[in-house]
Amino acid sequence: MFARHAAVTLVVVLVAGCSGTSGGSAPIPGTGGAGATGSNCGGGESGHEGLRRLSAREYRNTIAALFPGVAIPTLELAPDISVQGFDNQSAGQQPSEAIVDAFIGAARSIALAAVSEPRILLGDCSVDDRDCRQRYVAALAPRVFRRPLDPSEASLYLDFLETQVRRYDAVVGLRMTLEALLVAPEFLYRPEPALDGYAMATRLSYALWQSPPDAELLQAAAEGKLSPGGDAPGLLAALERMMRDPRARGAVADFHRQWLQLDHILTAQRDPQLFPEYDASLPPRLRQSTAAFIDQMFWDAGGDLTALLTSPVALVDARLASLYGVTGASGDAFLQVQLNPAERSGLLTQAGIMAALSGTQEESPIHRGLFVLEHFLCEGLPPPPMVVPTLAPRTSAEGMSTTVRARIESSHSPPACQSCHARIDPIGFAFGHYDALGRYRATDGGATIDTRGLVKDEDGSAMVFGDFRAEFDDAIDLSRKLAKSQRVLTCVGEHLFRFAAGRLATESERCELGKLAAQSEGSTKRLFVQLLSSHLFLPGAP
Amino acid sequence: MKRRNGGLHDAPFARRSLIRGLGLTAASLGVAGRLRTVKAQTEEKPPTRLILYLDGAHFQDAWRPVGINGAPSPTEHDWDFGEAHRPLAAFRDYALYPTGLAMLSIVFPGMRASRPGGHPEGEMSLLTGMPEVSLTQRLHGGPSIDQFLGQQLNKDGPVTRFPTLAAAVGENFPAQSAVLLSAGRAQRIPSIHIDPLEFYQKVFGDFLPANNSGSADVLREQQLAVMGFARDRYRALQSRLGKADADRLAVHLDLINDLERRLKVVAPKSSACSVPSKPQYDTCVTCLTQDRQLIEARHGVQAEFNIRQMVAALACDLTRVAVLNFSPYEHPRHSSLGYRPGMFGTNNLHDFDHLTGTRRGEPDFRAFGVRMNQERAKTLAGFLQQLKDIPQAGGTNLLDHSIVLWCGHIGYGDHQSWDLPWVLFGKGGGAIRSGRYLNFGPRPDIAGNVWGWPHNDLLITLAHAMGVPVETFGEPSLCRGPLPGIRG
Chain A
246 MFARHAAVTL
256 VVVLVAGCSG
266 TSGGSAPIPG
276 TGGAGATGSN
286 CGGGESGHEG
296 LRRLSAREYR
306 NTIAALFPGV
316 AIPTLELAPD
326 ISVQGFDNQS
336 AGQQPSEAIV
346 DAFIGAARSI
356 ALAAVSEPRI
366 LLGDCSVDDR
376 DCRQRYVAAL
386 APRVFRRPLD
396 PSEASLYLDF
406 LETQVRRYDA
416 VVGLRMTLEA
426 LLVAPEFLYR
436 PEPALDGYAM
446 ATRLSYALWQ
456 SPPDAELLQA
466 AAEGKLSPGG
476 DAPGLLAALE
486 RMMRDPRARG
496 AVADFHRQWL
506 QLDHILTAQR
516 DPQLFPEYDA
526 SLPPRLRQST
536 AAFIDQMFWD
546 AGGDLTALLT
556 SPVALVDARL
566 ASLYGVTGAS
576 GDAFLQVQLN
586 PAERSGLLTQ
596 AGIMAALSGT
606 QEESPIHRGL
616 FVLEHFLCEG
626 LPPPPMVVPT
636 LAPRTSAEGM
646 STTVRARIES
656 SHSPPACQSC
666 HARIDPIGFA
676 FGHYDALGRY
686 RATDGGATID
696 TRGLVKDEDG
706 SAMVFGDFRA
716 EFDDAIDLSR
726 KLAKSQRVLT
736 CVGEHLFRFA
746 AGRLATESER
756 CELGKLAAQS
766 EGSTKRLFVQ
776 LLSSHLFLPG
786 AP
Chain B
-13 MKRRNGGLHD
-3 APFARRSLIR
7 GLGLTAASLG
17 VAGRLRTVKA
27 QTEEKPPTRL
37 ILYLDGAHFQ
47 DAWRPVGING
57 APSPTEHDWD
67 FGEAHRPLAA
77 FRDYALYPTG
87 LAMLSIVFPG
97 MRASRPGGHP
107 EGEMSLLTGM
117 PEVSLTQRLH
127 GGPSIDQFLG
137 QQLNKDGPVT
147 RFPTLAAAVG
157 ENFPAQSAVL
167 LSAGRAQRIP
177 SIHIDPLEFY
187 QKVFGDFLPA
197 NNSGSADVLR
207 EQQLAVMGFA
217 RDRYRALQSR
227 LGKADADRLA
237 VHLDLINDLE
247 RRLKVVAPKS
257 SACSVPSKPQ
267 YDTCVTCLTQ
277 DRQLIEARHG
287 VQAEFNIRQM
297 VAALACDLTR
307 VAVLNFSPYE
317 HPRHSSLGYR
327 PGMFGTNNLH
337 DFDHLTGTRR
347 GEPDFRAFGV
357 RMNQERAKTL
367 AGFLQQLKDI
377 PQAGGTNLLD
387 HSIVLWCGHI
397 GYGDHQSWDL
407 PWVLFGKGGG
417 AIRSGRYLNF
427 GPRPDIAGNV
437 WGWPHNDLLI
447 TLAHAMGVPV
457 ETFGEPSLCR
467 GPLPGIRG
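Sequences listed follow chains A and B, in order. Numbering-wise (the working numbering), the first sequence opens with residue 246 and increments by one. Numbering-wise (the working numbering), the second sequence opens with residue -13 and increments by one.
Hints in this document: simulated from the structure, not taken from any laboratory. Take every hint as true, because none was put in to throw you off.
Here are a few chain A residues that sit away from chain B, every Cβ distance over 12 Å (derived from the structure):
(1) Thr648
(2) Gly691
(3) Leu699
Okay, the calculated bits of chain B under chain A, using three or more residues with CB under 8 Å as the criterion:
(4) 210 to 218
(5) 233 to 246
Computed from a predicted model, the values in this text were never measured in an experiment. Don't be surprised by glycine CBs; every beta carbon is placed ideally from N, CA and C.
Given only the sequences and the hints, what does the whole structure look like? Please build it.
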């Protein structure tokens, strides 16, 4: 989102109305009332899961799980395309020549590396021993396919193995068989010809671990604990175990990285003349600090949305402590510090987020407003126009210094701009106390900062997004109101669904997500587990 | 949706279109180009190679050749490089300036008033010679000339391992390049390489280390066996899935088949063919970033390795049709040339390029624009020199047997599509009589009243030079045949 414009340009949305599906988001049903948490979702259709392919991250994790101890060479995989805000979406996984070539090349590299370490693969027996190599392939194949093989399928691979052994030699035969397994559609894709326990285990493990199901999960599938209509306690026990596993931390961090576009912190660039404090080492520290804060809120604070959006704490090293105006930290080690609650309130006021939503010379209320609308309220907005005029300079021809808000309000006064910017700008102005580095400031160029915001409905009253009434005093007040909103929690649920299911939720599914959100007691962590154990994610879940 | 001309429909994406081509069906041939016959390349002389070298806008007044020997303006033989092209001085004998060309296909038919410039219309028409099918979906009206020729040259069976190769330099450039290239009407191209390592892996990755069980032939045989086995697995699974999922596997299967087909083509043993070493660099070449230092480092790495590898692929006859596409928004020496955001009221070089039409009279603006263009010309000169350094039969070199079209979709900076600043380099194995300046149209009227010679005819000229003598290419009504006086 941030890359769409330099922050010093105006985003003038020249459209008659302001609704759209920017970024794949669509308004959540129930806008203007409590519909999102209503009892009847209409029993609409479930979306088609779509044939999913392993993402690059999932592929690497899967290879590491299949060949523990083998020194896997660096794999040159085609980068995943991010669509709908995430890089694991079925819609972005159309095969391409680059992708197919890369997978074939990777299979060759991996197989070469594996057969060069026969003791790791085969233990004490020899590849020249027919039983030994066949035992290995027979044991590996179900882990590659993430399900048991039919006897006929298994014999195809074993026949291929022996054919190549006869034609070349045992090592080459084994290498070619590994290659054949690693380019098989059952490995590269996640086909679900039948929605059985193994398919459920695979869905769960890639959603929560970004890795293949382990032996315990496959065992649970074999025992029918994960089958549709199966064993509810068994499913919950499996999920609890998975949540305790370190792999879940990695996946949850990756979800937040993509949902909140944390990588944009890394690409923040500042005019060195205006921000001499800025250098290339600052963005990685800001990103690390924000990611650590999110991690702490999810795992240590139970995923409490209120904690995420209102906790006046930060993890800082000496450099960031200076940026936040606090003391206590020294060196590069991160330390949790309390911030002034009158100045900071949770994630949206973190320096990293504020810096990412800024331009090279000054902050960008437009990007800040859009960020809240799209990522916390799931408000779809149309894309900006191709041509955007440059914002008037900070200093007028008469030498008058003007605030960012004053210049934007002046430029966005035409009705055509107002159709969207009447929603975007007031939210962005709430963050006026944070400059382009995310530092708190009392004034803007000596002028008082007006952070009050009101998104007006047609009748002039405050617009209501679900249960969120868009009127606030400043970023602190805005964060507090967002934290209490079911609309926001449902929006988080929608992003979680997208991340886990690899597709957008349908309208009826979004309605169901609203119900799950209402039952989650304000916890995004609980919401995630509820989603993964629900029929929305696992059809026929107990 | 009805097309505005011809009444054809927007075709949905055919799954096989990702790798299949164009020109293979009567329908698409009718749109793309009508064939008389396809001449086989004679084996006695090296085959002709075509390279489309695309980069940013050109500083119009400074790129135009100048007259010499007393001629006030350039003539066919009395000309010298314009100020912006002086770094190419060593290649005067290889250069041919076909000036006065216009991209009429973006305003065809009767759309002049509503489409004065053309971005991205211009990008989508540049190499297709016809209007797009869908602007919003970036679907082209027909194949780009590179894809068309790659398919035609290989239509009776693989002649080269890759029908075409495309590499790009710049941020997000696979996507950007996809706007320029098309496999056929409403068909995307397979891939464009931005990552030098990925490019290397694709082109030279089959040259496995010698200690891995035998010769290249045996390795190829083994790869084919694996792929043949995998192909059967894809077919078997397809039958067990729903249509949408089965279709996705079918695309994958087609791509495996294509790879198999390519594997069966063996590059000739030749002293000119030398496999480059695997690229090594520390820079992240696929990062999206605003960091100028990283952008410039990335540009340098991509340019160095992608150019080198493309030259090697051409020298080894792994392809005869290549595309090198350079981002017009970046420049390897952006900072050292003295550019900084805010200069001339611009935020970046893209802004700068837009202004080259209207602000060219300002001395400072012009001086900087010339320096920028000269840097681009230097990069091209380096590429030409690499081609020239590859020996070919009879004391010739690869540039003697190549045609390099240096082009972009912009005439004047603000997307005007007439007086295109295009230059040809190379002799095309005798197909191009180089070292000349040719003017195919009157100087343009900036109001658009006088245009130029449709660029379709240059695309036809290229096809003829490659042994594919089409009568038309792109929009047929704009075609008159090969440009007169170009061929040797």
